Amino acid sequence: MRLAWRHASDTAAALLFFVIAATLFPFALGPDARTLSAIAPGVVWVCALLAALLPLDRLFGADFEDGTLDLLLLSGLSAGGVAGVKTLAHWLTTGLPLLLIAAPLAVMLRMPAQSVPMLLLTLLPGTMLLSLLGTMAGAITLGARRSAVLMPLITLPLMIPVLIFGCAAVTSPHPEAPLLMLAAMLVLAMPLAPLAGGAALRAAAE
Amino acid sequence: MAVFRGERLVFRDVGFAVPAGGALLLRGQNGAGKSSLLRAVAGLTPLAAGRLLWNGEDALDDLPTHAKRIAWLGHLDAVKLALSVGEHVADKAALVAVGLESFRNLPAKLLSAGQKRRLALARVIASKAPLWLLDEPTNGLDARSIAMLGEVFAGHLQGGGMIIASTHTPLDLPAAGTLNL
Numbered sequence: 001m002r003l004a005w006r007h008a009s010d011t012a013a014a015l016l017f018f019v020i021a022a023t024l025f026p027f028a029l030g031p032d033a034r035t036l037s038a039i040a041p042g043v044v045w046v047c048a049l050l051a052a053l054l055p056l057d058r059l060f061g062a063d064f065e066d067g068t069l070d071l072l073l074l075s076g077l078s079a080g081g082v083a084g085v086k087t088l089a090h091w092l093t094t095g096l097p098l099l100l101i102a103a104p105l106a107v108m109l110r111m112p113a114q115s116v117p118m119l120l121l122t123l124l125p126g127t128m129l130l131s132l133l134g135t136m137a138g139a140i141t142l143g144a145r146r147s148a149v150l151m152p153l154i155t156l157p158l159m160i161p162v163l164i165f166g167c168a169a170v171t172s173p174h175p176e177a178p179l180l181m182l183a184a185m186l187v188l189a190m191p192l193a194p195l196a197g198g199a200a201l202r203a204a205a206e
Numbered sequence: 207m208a209v210f211r212g213e214r215l216v217f218r219d220v221g222f223a224v225p226a227g228g229a230l231l232l233r234g235q236n237g238a239g240k241s242s243l244l245r246a247v248a249g250l251t252p253l254a255a256g257r258l259l260w261n262g263e264d265a266l267d268d269l270p271t272h273a274k275r276i277a278w279l280g281h282l283d284a285v286k287l288a289l290s291v292g293e294h295v296a297d298k299a300a301l302v303a304v305g306l307e308s309f310r311n312l313p314a315k316l317l318s319a320g321q322k323r324r325l326a327l328a329r330v331i332a333s334k335a336p337l338w339l340l341d342e343p344t345n346g347l348d349a350r351s352i353a354m355l356g357e358v359f360a361g362h363l364q365g366g367g368m369i370i371a372s373t374h375t376p377l378d379l380p381a382a383g384t385l386n387l
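Each protein sequence line maps, in turn, to chains C and A. With this note's numbering applied, the first sequence closes on residue 206, and no number is skipped along the way. With this note's numbering applied, the second sequence closes on residue 387, and no number is skipped along the way.
Please note that the accuracy of each hint is not assured.
Here are some, though not all, of the chain A residues that point toward chain C, as calculated from beta-carbon distances under 10 Å [to be verified]:
#, residue
1, T251
2, A255
3, T271
4, W278
5, H281
6, K286
7, A319
Simulated from the structure, these hints should not be mistaken for laboratory data. Every value quoted in this text rests on a predicted model; they were computed, and no experiment measured them. From the three backbone atoms N, C-alpha and C, an ideal C-beta is built for every residue, glycine too.
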């Protein structure tokens, strides 16, 4: 966390990417309010996912290269614990800021004001799930040649169900079911992703 | 013990014991498996065969507990350039022991290679762990620092600590056993 604070530009880069990517859509599609408000939830969701991926390859990569990963594994935490703490750090430094900036972006995309709270409510488990799955993928691709390319290829397909239910909750008149699905996926990923990530870290440190 | 790295058998039929207050120097040419042995003792690399005992009990059964017994100095220093010396090692006595106490507020990116190595050593000293695993601890150090290191090692051993170190240069560890790989 302290390193992330010191390298605040990394978080800022993800946020700016989010803002700029979402801003491109009105330019490409025209300023028509009806078109924009129809695509707004999807645009915000997809852009948030892509932006949250940006810092993931350095999450373990830097530690792997300078020997810190060995120290983390020898810190007395289990390997799964290390992955869990990294997940939390990623969410606090990327997921949470993205969440905070998503509301003004949604308004800019002409999203009806009453849907914005629902968008944020779905993005909360959404960004958490991305942190969980992304950290796991980051650990799995550790040491691979082109890991920066491989990591999104593992993460994004896993995020498809999250994306479907997240956007469905925003647009559907009955958001309870998709919200519960999101919560269920979060509950499933919360123990499993750090466990898998921890096993991958051990394998990478061998 | 025997250890594989990938598909390659690094060493086999290696055995040793280190008593409390004892030290063991690992010697051997490059690629002989000194680092692999240290990683295996730390529990980072799994043993292909054999056992590692701590007071007669299997040490690698419970890795988080085992991790608390050891202080690790790898061939990389694990120094974060954006953090200051004091943020790496808060323990003042440890910084004094390696002669870095006056650089406490300096960012680590301004340190020389030898000073980074000493900072990594200060982390080992500050850990208060009984078993020190040191991979080439004298890498990049000048003669004065190496002499300083000798005192630190002697103090650790006198307190009942243990050291397993791989080295090419002569290390000032009088009572140390030697294991040739």
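Hints, verified against the model:
no., hint, verdict
1, T251, "holds (5 Å)"
2, A255, "violated (16 Å)"
3, T271, "holds (8 Å)"
4, W278, "holds (5 Å)"
5, H281, "holds (8 Å)"
6, K286, "holds (6 Å)"
7, A319, "violated (13 Å)"
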